[in-house]
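Visitor: Here are the chains, one letter per residue:
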Amino acid sequence: MAGTPSYQELLPHLFRLEYSKMTAVLCRLFGLKHIETAEDIVSETFLKATEVWSARGIPENPTAWLYTVAKNKTKDYLRHVSIFETQVKQALNDDETAQEPDIEFTSQTIADSQLAMIFAVCNPANSTESQICLALQILCGFSVEEIADAFLSKNETIKKRLLRARANLRADNFQVGQLQEATIKERLDTVLRTLYLLFNEGYFSKSGNHLIRKELCSEAMRLTLVLTENPLTNTTQANALLALMCFQSSRLDARAGNEGETILYEQQDKNLWSKELIQQGNYYLVNACTGDEASKYHLEAGIAYWHTTPDAGSKWNHILQLYNQLILIEYSPMTALNRTFAFAKVYGYPSGIKEAEKLGLHHNSHYHSLLGYLYTSTDAGKAAGHYQEAIRLTKSAAEKKTLMREIERLGR
Amino acid sequence: MREFMLIFRNSTNSHDNPTPEQLQDRMNWLAGIAAQNKLADKGNRLSASLAKTVKPGNVVTDGPYTEIKEFISGYMIVKADSIEEAIEFARANPVLKAGGNVEVRAILKPEEKS
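Protein sequence lines correspond, in order, to chains A and B.
First residue of the first sequence? That's 1 in my numbering, and the numbers climb one at a time after it.
First residue of the second sequence? That's 1 in my numbering, and the numbers climb one at a time after it.
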């Protein structure tokens, strides 16, 4: 049996993959109020897998094994626990003769349940940060420790945040059972925004843990993919967001240095860019452009697209124009700085410096690293000063390393 | 920080066939203000042809330009610490290159009278 993974290797992988799916399906059955029950059953299922598989080896189809056990546990639970008699049974079916509800872990029910759970978790009653934490825990099967690592927070902080968010989730009258068109319309913006931020949390994470960052990005993509696979949520904006994620992800490996530092775009080995993800990005970008809509996801996907192409002369002008539109839709310091970088690429670094200094974002590390970059060829002293200020301001270890390297490159 | 309206005046219609460079200049200028988070309202462009002036005595005249040679081609609202800063924004507007001008007016707060 060489090459076959042991159960210790297989279980964590299956856990990450299947935990959230099974919880979603059971939650759709029980309702959000009883999400803990759903989670308990799934946890017990994995506990049983640990016991049985260690003694008897891995079954032929481990996923099907998990589904069967979860299904039986759910049936047992429904038969024996009084909550079924008092609350759930009525919610499930008014017809008293109906004995057993359908619990099927088919790809269709899994997809439907996951979509419904995405909308349940992206509850505007919770702050965006809490929504992201909840999404990581409930939709992606992350542990509290992993979430804390991703956010550079303490476990206790994350636990408290999750506790409050879960209380709101249970109190919400959201019907996971039937996801209705009106609900989708009402929450889709929030859903897209949360997935966008979840991705960014991975892509621009303060955490130096490259594996966690990659996983955040791929989870955000997986959930956005769920949106594009259902006709009700397969909007041009969802496609634009997925295109953006594909383009950005294509550079994930090229971006990470050996010591956890971020390798800047211009210094990346382009051979490490994933051609497959770029192609997928192109596919979703074409889908996104079937209407007249130019949302911020469209603009950002457009910018990310141009970053995957070689410069034939007009590249930075295209990028600048997209940033011009983006900053008019929504101001953010990061957009302002990126726009200024593109401006400098088009009109020259001296003009870029003038444009940058107007921004006056003196407490922003990226403001100083931009100025450091723009001064590099003309005034190494000023460049070093700005880089040092950036190092002083940033909390990210990865960014500090990158900036130290830039100062070394100044040759001072 | 208070709001100032910038009112653009032209003697020719600036919306008629601007060159791509002119368009980009305008866009760069507008986005440059937005990048400083000083854009309160990107305002609107105003039509030069679909325009009438209504006067007392049931008089409606064509266009805005029977009595003035310059007409308003658009407006927008910026946020600025002082009128000097608002003037700096206006000074960089490409309309000046095309012979137009920009009027800078503070937007009154409820308690202000002039």
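The reader is advised that the hints may include incorrect statements.
Claimed, not checked - Simulated pairs of lysine-lysine, DSS-like, Cα-Cα distance not exceeding 25 Å:
#1 Lys79/B with Lys296/A
#2 Lys354/A with Lys113/B
#3 Lys97/B with Lys354/A
Source of the hints: derived by calculation from the structure; they are not laboratory data.
Visitor: Now tell me if each hint is right for this structure.
Guide: Going down the list of hints, with the structure as the test:
Our distance criterion of 25 Å between C-alpha atoms is met by Lys79/B and Lys296/A, whose separation comes to about 23 Å. Taking the CA atoms of Lys354/A and Lys113/B, the gap is about 37 Å. The hint is violated against a cut of 25 Å. At most 25 Å may separate the alpha-carbon atoms for a hinted pair to count; Lys97/B and Lys354/A meet this at roughly 20 Å.
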